[in-house]
Amino acid sequence: MALSEQDLVGAAVATGLIAAEQVEDIRREARRQRLHLVDAVSRFGRIPVPAMWQAAAEQRGLLFLSPRALAPAEEDLERLPAGFAARRQCLPLRDAEGRVILALSNPDDTGTIDQAARSFGVDVIPALAHPDALAGAIDRALGESGAEIEAEGAV
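In the numbering used here, the protein residues as written are 1 to 155.
To be clear, the hints were calculated from the coordinates, so they are not data collected in a lab.
Backbone N, C-alpha and C fix where the C-beta goes; we use that ideal spot for every residue, glycine too.
Warning: the hint list may mix true and false statements.
Unchecked claim - Label-pair restraints from in silico Cβ distances:
hint : residue 1 : residue 2 : range
1    : GLN22     : ARG118    : 42 to 50 Å
2    : ASP25     : PRO131    : 24 to 32 Å
3    : GLY61     : ARG31     : 31 to 39 Å
4    : ALA14     : ALA82     : 33 to 41 Å
5    : ALA117    : GLU21     : 39 to 47 Å
6    : ALA135    : ARG79     : 14 to 22 Å
7    : PRO48     : ASP95     : 22 to 30 Å
8    : ARG28     : ALA82     : 43 to 51 Å
9    : ARG94     : ARG31     : 43 to 51 Å
Work out the full structure: start from the sequences and follow the hints.
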C-alpha cells in the first residue's frame, strides 16, 4: 500500500507546506464536499500532490524521484524476476556513482526492497516516487523492453 492520506498531509505540515490550522479547515470542507483529504489540501491549500509526496520523502530521509528521473536501463530491468516491476510497482535505476536506486510508492515495502537487493546482489537505496508517475514509467519501460524483444525475435 502506498502512503496514506494522513502520511502525506502530515508530511506537508511537518515540512511547512501548510499550517496545521489550515488542514483542520480544509478537512471540514473536504468532508462537506466529499473530497479526499489530499485532493482538498491540494485544491484549497494550492499545494501540488507531488509536492506532498516529496515532503513525505524528505520527512523519511528518502530521495524523491521526479517523473523525468524514472528511466531505467533495460539491463537493470532484466535483472528483476519477470513481471516483478509491474506487480510490485517498483523501478530500478542507477545514480551517478552506479548505485542501485529502487523507485517505489510504498517505502515500507521491505519485501520488494529485499527481493530487488537479492536480484542485484547489492543493497538497494529505496526512493519515493508519485504512484501515477511510477506506474507510467513502468508501463513505458516494459513496453519499450517488450518491443525490443519482439524486434530481436523478428530478425
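Evaluated hints:
no.	hint	verdict
1	GLN22 / ARG118: 42 to 50 Å	holds, 44 Å
2	ASP25 / PRO131: 24 to 32 Å	holds, 27 Å
3	GLY61 / ARG31: 31 to 39 Å	holds, 33 Å
4	ALA14 / ALA82: 33 to 41 Å	holds, 39 Å
5	ALA117 / GLU21: 39 to 47 Å	holds, 42 Å
6	ALA135 / ARG79: 14 to 22 Å	holds, 20 Å
7	PRO48 / ASP95: 22 to 30 Å	holds, 25 Å
8	ARG28 / ALA82: 43 to 51 Å	holds, 48 Å
9	ARG94 / ARG31: 43 to 51 Å	holds, 44 Å
No hint from the list above goes unmet by this structure.
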